[in-house]
Amino acid sequence: MSETTKTVLIVDDEPDTCTYFSTVLEDRGFETVTAGNGAEGMACLEASMPDLITLDVTMPEKSGVRLYREIKAHERWKSIPVIIITGVADDFEKFISSRKSVQPPEGYLAKPIDVEKFLGLVDELTG
Amino acid sequence: MMELPYKDYFDAVPGYLTVQDRDLKIVTANDRFRQDFGDFEGRYCYQVYKHRAERCEICPVMRTFSDGQRHSSEETVTCVDGREVSVLVYTKPIRNGNGEITAVLEMSTDVTEMKSLQARLRASQQRYHTLFEEVPCYISVQDRELNIYDSNKALKETFGRCLGRKCYEVYKRRDEECYPCMVQDTFTDGKRRVHEEVVTSRDGKLLNVLVHTAPIRNPEGEITGVMEMGADITRIRELQSQLTSIGLLISSISHGLKGLINGLDGGIYLVNNGLKKDNPQRVEKGWDIVLRNVGRIRSMVLDILYYAKDREPNWETLTAASVIEEVRGVIADKAAEQGVALMLNLDAETGDFEGDAKAVRTLLINLAENSLDACRLDSKRDGHAVTFGVRGGIDHVHFEIEDNGIGMDGETREKAFSLFFSSKGGEGTGLGLFISNKIAQAHGGSITLDSAPGKGTKFTVSLPRNRPMRDEEELEFSDLGVV
Chain A
12 MSETTKTVLI
22 VDDEPDTCTY
32 FSTVLEDRGF
42 ETVTAGNGAE
52 GMACLEASMP
62 DLITLDVTMP
72 EKSGVRLYRE
82 IKAHERWKSI
92 PVIIITGVAD
102 DFEKFISSRK
112 SVQPPEGYLA
122 KPIDVEKFLG
132 LVDELTG
Chain B
817 MMELPYKDYF
827 DAVPGYLTVQ
837 DRDLKIVTAN
847 DRFRQDFGDF
857 EGRYCYQVYK
867 HRAERCEICP
877 VMRTFSDGQR
887 HSSEETVTCV
897 DGREVSVLVY
907 TKPIRNGNGE
917 ITAVLEMSTD
927 VTEMKSLQAR
937 LRASQQRYHT
947 LFEEVPCYIS
957 VQDRELNIYD
967 SNKALKETFG
977 RCLGRKCYEV
987 YKRRDEECYP
997 CMVQDTFTDG
1007 KRRVHEEVVT
1017 SRDGKLLNVL
1027 VHTAPIRNPE
1037 GEITGVMEMG
1047 ADITRIRELQ
1057 SQLTSIGLLI
1067 SSISHGLKGL
1077 INGLDGGIYL
1087 VNNGLKKDNP
1097 QRVEKGWDIV
1107 LRNVGRIRSM
1117 VLDILYYAKD
1127 REPNWETLTA
1137 ASVIEEVRGV
1147 IADKAAEQGV
1157 ALMLNLDAET
1167 GDFEGDAKAV
1177 RTLLINLAEN
1187 SLDACRLDSK
1197 RDGHAVTFGV
1207 RGGIDHVHFE
1217 IEDNGIGMDG
1227 ETREKAFSLF
1237 FSSKGGEGTG
1247 LGLFISNKIA
1257 QAHGGSITLD
1267 SAPGKGTKFT
1277 VSLPRNRPMR
1287 DEEELEFSDL
1297 GVV
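Here the protein sequences come in this chain order: A and B.
If you count by the numbering used here, then the first sequence holds residues 12 to 138, one letter each, in order.
If you count by the numbering used here, then the second sequence holds residues 817 to 1299, one letter each, in order.
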């Protein structure tokens, strides 16, 4: 891999979604790492620093909300841009905006995603 | 000269005045009598008043002649024009200088109008009483000590005996006064109040009731009682609850669909992109994703249909071993894709049972898919397997589906069969296990689960060999002395 290749961590409990996002991003020249829940996502973060995280909200074991709060509360990871991609994006936005102590995420996308919009946002946040 | 004014007074009396001798012959009468009953000279009172040929059986005039006392009675007399008049009759003896009774003065007052008003009042009271009794609300009237001193039929039928009892005993089966108490508050300030309460009927059923209180005042304006009227809104609350469930269902379905469409988009992307780049592996991978998500949508739609219709099972005789083998066949491809082994562990003789083939199949497929998901979500081990078992009991058939997947924690175990609860994040609608449980119950059976995180889950579905009798069938048998 070249030095400029950026890495995206995809956290989603739906394997088909992980396959979809990783294929799209790899076609765009990104490296991807996938995790099936919040706990696995945290393990991936501890192993390596991604340039961007896409995060689902409703997941077993550790939800996206908990993982997001941990990321934004941690000195090492809080500057990593996060795109929340979920069927309940509006609810998540309302929830996070009601918690003034929590920094809002860098992007929201509702499932099913618009691929062009998704790639545009990823490019913007990793550019 | 002095006689004339008395004759005038006699005639001016607003009633019928007669003087009768011992034979009941009318000696004299006033103008009013003459107007309504015509000529009386030489005639007897019973002839004139009642158009009778003989004396009446009970005659106040005869009684006065007999005992010298005043008497009264209520009579109906007939005027010369045939009009019937209700009269109140008073009699008084007329004595000579020796104190002997020589005649009787009879005064009759026309009370026809009053009788008519009394009859209308009685009818009106009866009408209001009927309304009070029959109104489809619970009505009670309490005194300041909260004793019920009046109640209607609906209250008695639903809550049993209530007169003389405390309202809190009758409505809420409480030993002490409620706080706050709307009845006491209305006694205090005279204002009407409305509040929703949950009360308990005589047969222990909880009812949602909308209660109104209103003061009852005496002519002086003092509050002597408080009327409590309760409208049963249980059905409305149930409908609201169902509407809430429908709302949750729609929200759950739309959330699930968003994930499934996203998966389909992914599959289509891989297929298109694979075709463009001439990459058959990518096409194949994409097509698998498409098929999987179409299958999930199908399964979701079937679950929704089952939820939407509360249907009676279509009973037929099924062979337990065949049913489980069929279910195993249905999910075999999916299990192979995931690398999950499917095992079969049947008793030698499992026998037949009565059930709805389609519903039982849905039930077991839901459980089997749940087990496959549990294996897929478990990244901590390889070598996943789902074992299908059937145990043949005397009265029941027990189907077992056991996996060594992710397992359930306490909360998930507790809520596993609840509507809209899913531990599978965006993938689950929270319908599958709920529907399975509903099907088992419709068959008179049950589902139990044994699960622990990291160890796996075992579902046991126990279905009776014979379909359960419905209540009315049981009653019929009971009447025949069979049950």
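The set of hints was computed from the structure by calculation and includes no laboratory data.
Computed from a predicted model, the values in this text were never measured in an experiment.
Any given hint could be a false lead.
Distance windows between CB atoms, simulated [unchecked claim]: (1) B:Glu1153 <-> A:Glu117: 33 to 39 Å; (2) B:Ile1113 <-> A:Glu37: 42 to 48 Å; (3) A:Glu37 <-> B:Glu1054: 50 to 56 Å.
Below, a sample of chain B positions facing chain A; criterion: calculated Cβ distance under 10 Å [unchecked claim]: (4) Ser940; (5) Gln941; (6) Ser1070; (7) His1071; (8) Gly1079.
A virtual CB, placed ideally from N, CA and C, is assigned to each residue, including glycine.
Right, here's what the structure says about each hint:
Distance hint for B:Glu1153 and A:Glu117: a CB-CB separation of about 36 Å, consistent with the stated range 33 to 39 Å. Look at B:Ile1113 against A:Glu37: about 27 Å separates their beta carbons, and that is not inside 42 to 48 Å. Distance hint check: the CB atoms of A:Glu37 and B:Glu1054 are about 53 Å apart, consistent with the given range 50 to 56 Å. With 10 Å as the threshold, the beta carbon of B:Ser940 stays out of range of chain A, its nearest partner Cβ sitting at about 61 Å, so the hint is violated.
Interface restraint check: B:Gln941 against chain A, minimum CB-CB distance 62 Å, threshold 10 Å, status violated. About 8 Å separates the beta-carbon of B:Ser1070 from the nearest beta-carbon of chain A, less than 10 Å, and the hint is met. Here the hint on B:His1071 is kept, as its CB sits about 4 Å from the closest CB of chain A, short of 10 Å. Given the 10 Å rule on beta carbons, the hint for B:Gly1079 holds: about 4 Å separates it from the nearest Cβ of chain A.
In the structure shown, a violation is registered for the earlier hints numbered 2, 4, 5, in ascending order.
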